[in-house]
Structure formats: structure tokens, C-alpha cells
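Below are the chains, spelled out letter by letter.
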Amino acid sequence: MNRENLIQKWLDHDLNTQELEAFKQLDDYDDLITLDHQLKGFKANSFEKEAALETVWNSINSTKKTKKYLPLVSKIAAILVICFGIYFYTTTLDTTTNTIVSEHKTIILPDASQVELNAVSVITFNKSKWYNNRSISLDGEAFFKVAKGQKFDVKTSLGTVTVLGTQFNVKQRDAYFEVTCYEGKVGIDTNTKQVTLLPGDTFLIIDGKYIATEKENLSRPSWLNHKSTFKSIPYKEVVAEFERQYNVSIDFKNLNATQNFTGSFTHNDIEIALKSITLPLQLKYSKTDNIIRLTRE
Amino acid sequence: MSKPLKENICEEHLFSSIFKKYSKDLHDFLYYKFGSQLNPQDKMQEAFVKLWENCIKIPQDKAKSFLFTTANNLMLNEFAHQKVVLRHQKIKPKHSTNITPEFLLQEKQYKEKLENAIANLTEAQRVAFLMNRVEGKRFKEIAELLEISTKAVEKRIYGALKKLREDIDEL
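In order, the protein sequence lines correspond to chains A and B.
For the first sequence, the working numbering assigns the number 1 to the initial residue and increments by one for each residue that follows.
For the second sequence, the working numbering assigns the number 1001 to the initial residue and increments by one for each residue that follows.
Treat the hints as calculated values from the structure; they're not laboratory data.
Misleading hints may appear alongside valid ones.
The list that follows gives simulated cross-link-like pairs (lysine-lysine, DSSO-like), each with its CA atoms no further than 30 Å apart [unchecked claim]: (1) A:K40 - B:K1162; (2) A:K24 - B:K1113; (3) B:K1064 - A:K9; (4) A:K40 - B:K1151; (5) A:K43 - B:K1163; (6) A:K9 - B:K1033; (7) B:K1113 - A:K43; (8) A:K43 - B:K1064; (9) B:K1024 - A:K43; (10) A:K40 - B:K1113; (11) A:K24 - B:K1162; (12) B:K1140 - A:K24; (13) A:K43 - B:K1155; (14) B:K1162 - A:K43; (15) B:K1111 - A:K9; (16) B:K1033 - B:K1050; (17) A:K49 - B:K1057; (18) A:K49 - B:K1024; (19) B:K1021 - A:K9; (20) A:K49 - B:K1020; (21) B:K1111 - A:K40; (22) A:K40 - B:K1140; (23) A:K43 - B:K1050; (24) B:K1050 - A:K24; (25) A:K40 - B:K1108; (26) B:K1021 - A:K43.
Bound-form chain A, shown alone:
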């Protein structure tokens, strides 16, 4: 057993009695023991395990409170805020109703006024403010049956129609603006003109020009009965209306778009309707898919 081995074994607390004797015989035995004795002085501080564990539990519990409950509370608060926000937002938001091609819709307003919406039209109004402000914006054509009450405004890009309680039709398509009064009194305010309509009166502006029209003797607009009626209306407006009622596009490049047309077409049968708008002007039509081409005979 050499010296190094003995020291190794001594270090590992693994000397047997015989080896211990041999170890004691080493020259540097005294040195080693002195060193070993002095080294004991470097012992790490002892601590009370139970108390230390207590401290650990305390800090775990205090972090748990801040780390685990706080996010939970803030999550709940955030959800409530979002819910309230959505509720508040949606209830005060404007209500918008629109129709697609060849669709008609009936909308009952909060005061039981009734709106019949023709194809490809949009109305927007605010439910929560309705009783203070009966105001509706319209892009397209609609027939109104207004319940009696405060003034009722229909706002379009070409003018505002104001009424008290009445039935009237408003049609605004691009530069075309037509209001027909069926009952009561209707006030119209456009940039150029202010007029009051009596039952049967029609107010018509096409491309900024006011056009005089004859008395209307129907009690409701004809489109409510699935029929579009025109009296001396430029042909392009007729075609545009046709395209809105049937999902088609009409090509009539070579024709005179401003020629006036008087007549009507039905919304229920495209063949009959096509004949209605072509025969009086002696036109021919050919149909491929959704495209209709109109030509002179």
C-alpha cells in the first residue's frame, strides 16, 4: 500500500485498522491531521431546517397570491369589460339592412313604421336613438309607410325627404332621384330645390335636372307588386333597374341610352320582361348565360 493510496483512502473515510496504523506512520501524518483539524473551522453555517422550510412555504404562499390570483381577477375583469364594451357598442350601433339583386325585404322600424326595400338597396338607421331622431339613410329604392309622430327623415345622397306620417316611395340610383307621395305630405330638400309633394305627386331629378311628371294614380308603387313601371324615363335607367331585378348584365352599347321609355316589366318572368322592354322600341335580344345583348332589328 503506497502513500498516495493511503491518503486517498483516508480522504474517503475508508481506512481499515491495519491501514490506519500504516497511515499513522507516514511522515506527514501530523501535518495532515493539523490541516484536517483546521479545515473543520470552515464548516458552513448550520441552519434550522424546519424554520427554513417554513420560510420557503411562506414565500411560496405569498407569491401564489400575487402570481396566481391576480391574473385570474384581471382575466375576469377583462372579460367583463369586453362583454360590456360589445353590448354597449352593438346596442348603439346603426342597424343596416340591405338587399341583393332581385330581393325584396320588409323592415319594421321601432315605431312600427314600415319600409319595403327594393332590390340592391341599403337602409341604415339607429335603433337606440330612433324615438328622438327618426332618421334613416337610404341608398336605392324603398317604399315607406310612416307611423304618425315626429318628423321622419329619409336621407339620400341627392336630397333629404321629410315627412310626418304618410306613405311614399323614394328611389335614388346614382344620379337618379325620384320621390312619389302616396298619402299625406312629403317635403323634399335637395341642393337645388325644396318642394312639398301632395298625394299622387312625383318629384324626379335625373342627372341634376328636374323633370316634370304627371300625376300618379296608383295607391302603392308598382314594384311592390313585382312590376317596375316607367313613364318617360331614360332607357339606361330602365336597363339598370332590369339588371337589379334579374341577376343579369345587359349590353346595349349601340343604342341610344337617353331615349325615353314608357312601360313596365314584371319581376317574375325574365322572357316576358325582356319582351316588355324590347318590343316597344323594336329591339332584338340575345341571351348567353347572364349576359343579354340588345340590338336593333
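For chain A, the structure is supplied; the task is to place chain B on it using the hints.
This is chain B only, laid out in the frame that chain A set:
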């Protein structure tokens, strides 16, 4: 799956038993490695708090590694490179009756030399050596704690002893 593996250290009794098993070794490890001025007890406790926070992710048999690594990192975060100072606890010699001033002076000088020599050991040597000499741990136990081979522990400890004696003789 067998039960001990399934059991989660989030269980309070299990956590407490892990604490009782490793807190002293962990504390000693930190003390011998980094010295007393970095407050090893605080870091030890902090490491256990972190163990609890991550108890779901850590299987029981990985708890020890986690504790030692975490505590080590906590220490390193605080003071990257500070010279380790281990203070001698000044244990009273037993034969206190016939102390001569020369002997006292000698002993004081010896302790100073020893403090310096210990500070000059590498971290790895110091940890293994003091765990062995002061805490009376055997090579195998140290090897398990530090997750190194017994041979490596032996080398570190013997190397430390050699270096200490050289330093002391030199000074």
C-alpha cells in the same frame, strides 16, 4: 406507470421531504462554492420556491438536479466573478490551558494561509474537498450530488489536498 413516478412534487408532504433531504447539501454546496457573503441560505430557499413554482413540470427524480442548477444560477446572476472568501469559524482549541502567545500567533498565521489557499482552489476542487473534509461525506455521496463520477471526485479532492499543502508550505 408506477406510483412514485406519477406522484407529483406539488404534493406538500413530498415537497417537504425533498426539502429535508437536500436543503443542507444544497446550502453547503453553495457555501463552499461561492462563500458566505452571497447568503447561500437565501439562495437555497429561493431555489426551493422555484422548484415549487415549476413542480408540475419536474419529475421527482429530476428535483435534485433542478435545485442545484437553479441555485447555482441564482448565485451566478448575483455576483458573476467575486473572489470567494471563506471565513474560519474560529473554533476554540481544546487544549486551551497552556496556550503561549507564540502558539496563538502561529495558529493565526496558519489560518490566514489556509483561507488564502482555499480561496485559490478552483470552484470544483473547493466544493468537493470541503464537502469531503468538513461535512465528512464520502466520495460516492459527493459524486451523486454533483452528478459526476467517483473517479472525478477522487481527483478533485486529492488535487485540492496537494495544492493546499503546497500553498501552505510555500507561504
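Hint by hint, here is what the structure shows:
{"no.": "1", "hint": "A:K40 - B:K1162", "in the structure": "18 Å, holds"}
{"no.": "2", "hint": "A:K24 - B:K1113", "in the structure": "25 Å, holds"}
{"no.": "3", "hint": "B:K1064 - A:K9", "in the structure": "28 Å, holds"}
{"no.": "4", "hint": "A:K40 - B:K1151", "in the structure": "24 Å, holds"}
{"no.": "5", "hint": "A:K43 - B:K1163", "in the structure": "20 Å, holds"}
{"no.": "6", "hint": "A:K9 - B:K1033", "in the structure": "24 Å, holds"}
{"no.": "7", "hint": "B:K1113 - A:K43", "in the structure": "17 Å, holds"}
{"no.": "8", "hint": "A:K43 - B:K1064", "in the structure": "22 Å, holds"}
{"no.": "9", "hint": "B:K1024 - A:K43", "in the structure": "12 Å, holds"}
{"no.": "10", "hint": "A:K40 - B:K1113", "in the structure": "15 Å, holds"}
{"no.": "11", "hint": "A:K24 - B:K1162", "in the structure": "18 Å, holds"}
{"no.": "12", "hint": "B:K1140 - A:K24", "in the structure": "24 Å, holds"}
{"no.": "13", "hint": "A:K43 - B:K1155", "in the structure": "22 Å, holds"}
{"no.": "14", "hint": "B:K1162 - A:K43", "in the structure": "20 Å, holds"}
{"no.": "15", "hint": "B:K1111 - A:K9", "in the structure": "25 Å, holds"}
{"no.": "16", "hint": "B:K1033 - B:K1050", "in the structure": "20 Å, holds"}
{"no.": "17", "hint": "A:K49 - B:K1057", "in the structure": "25 Å, holds"}
{"no.": "18", "hint": "A:K49 - B:K1024", "in the structure": "8 Å, holds"}
{"no.": "19", "hint": "B:K1021 - A:K9", "in the structure": "27 Å, holds"}
{"no.": "20", "hint": "A:K49 - B:K1020", "in the structure": "7 Å, holds"}
{"no.": "21", "hint": "B:K1111 - A:K40", "in the structure": "11 Å, holds"}
{"no.": "22", "hint": "A:K40 - B:K1140", "in the structure": "20 Å, holds"}
{"no.": "23", "hint": "A:K43 - B:K1050", "in the structure": "27 Å, holds"}
{"no.": "24", "hint": "B:K1050 - A:K24", "in the structure": "48 Å, violated"}
{"no.": "25", "hint": "A:K40 - B:K1108", "in the structure": "15 Å, holds"}
{"no.": "26", "hint": "B:K1021 - A:K43", "in the structure": "19 Å, holds"}
Figure legend: structure checked against the earlier numbered hints; the only hint not met is number 24.
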